[in-house]
Amino acid sequence: MFKRRQRIGYLVLAVVLGHVILISAQVNVRQEGNFLQVVSFSALAGIEEIISYGTNAVGTAWSRYVSLRDAEEENAVLRESIDQLELRLQQQNALARRARSLQRLLELRNSVELLTLSAQVIAVDATPWFRTFTVDRGTGDGVRQDLAVIAPSGVVGRVVGTPGPRAAKVQLLIDRNAAAGALIERTRAAGVVTGVDGQSLLRMDYVSNLEDVQIDDAVVTSGTDGIYPKGFVIGTVADVRRGDDLYKSILVAPVVEFGNLEDVLIVLHDDRFAQAEENE
Amino acid sequence: MKVVMLVAMVVVSVAVQATAARVFDLTFANIDLPLVVVVLASLSGGPIVGLWVGTLAGFLQDVMSGGLIGVSGLAKSLIGVTVGLLATRLMFTGRWYQLLLIVPATIMNVVLFVGVYRLISFAAPAVDGVNVLQQAVLNVAAGFVGIGISEQVPSLWSRLRRRRLVLAIQRWRTN
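Going line by line, the protein sequences match chains A and B.
Quick note, the first sequence lines up with residues 385 to 664 if you use my numbering.
Quick note, the second sequence lines up with residues 554 to 728 if you use my numbering.
To be clear, the hints were calculated from the coordinates, so they are not data collected in a lab.
All clues given are correct.
Chain B regions said to be covered by chain A (calculated; three or more residues, Cβ under 8 Å):
(1) 597-610
(2) 622-631
Non-contacting residues of chain B with respect to chain A, defined by C-beta distances greater than 10 Å in every case (computed):
(3) 556
(4) 643
(5) 660
(6) 694
(7) 710
(8) 714
Interface residues of chain A toward chain B, partial, derived using beta-carbon atoms under 8 Å:
(9) 392
(10) 396
(11) 507
(12) 581
For every residue, glycine included, the Cβ atom is placed at its ideal position computed from N, Cα and C.
Please put together the full structure from these sequences, using the hints given.
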């Protein structure tokens, strides 16, 4: 009995020590991904991919074959909305042509060429404490740490940790450890957008009390962090107050609906970053 | 065989936690399925089983999340040992008593997880009492379902086998 108790004690001690060493190693060198971590992440991501495809298949079967009762009415509504969208597209094309010609004329900024890779979300964070998800693209597709991840509506986050061959972890912008360089589009006031713990809103720090910021102002990426391409929409100002110190207290409502994300784009290459790297 | 079953249960619980949370959004994300597996395994297998199952579950959870590797592992392995020791000392025979152990285990998990982050001066997650209680209740519900399934599967399997046998005998008689 005593020996058994002693054995349990030694085992607990060994396991606790092992964990403490593991945690300490990461606190010192957070950027390095170790072999065990990469292998476990890849293996588990594979299982999650299979489960994800399974649930997607069930969902697709349901939506395609079972719930087709209102398809005809829905079809008519969709046709109408397509007509409206086509009209809007023409207007947008006209605006875009005008904007392009103005841009070329004034030479305000370099043209931005982004090489992107589409990826599917296969899993979300396994703990309720962090806001990350796993996508089905990895080092085999050219994905590496710190690449920006965007959606058609705006900025999603960045790749964190060492990606596996066919999977990568993405830290959402609403994670409390996430941050991005940002601008108020209207006034070009610069600051840093960070996630707020337990909230779906973002916080914009380091915007001077002297700057003009109003509710509903668009907040876009500034490109100064070297991760996110410049000019992508982060969200709109939801609340702005004069701060006690030098800076305003600003809350930003993100444009991306993080709960509904299924497909995202990973920015593999941004011309301006490449130029900056070449210059260095 | 038992080890393979336990490893499979842990892997499936982590995978289901991560994939189902995407489908059911945040409500499901507040359940800690691997913790439920750790508690149930510790209750049936004792402190050493609890320790290893907790270590594995926590490690896999850490790998699939944005945090430091080892924090969940440390918390869950200590929970596994504690629940295993409690089970051997206090003889929890009733199912409800066993399930109610999930509540202190959930609280212990949160305290250890957040405590380690505070200790190493990393940005610690904010703790919301209501959220923790909600997680405890959802974990108990998941444990109830888990026990139900684990009790039903063997009887369903034996019923299926018996039915197959009866059908085979009937076929043999008609031939």
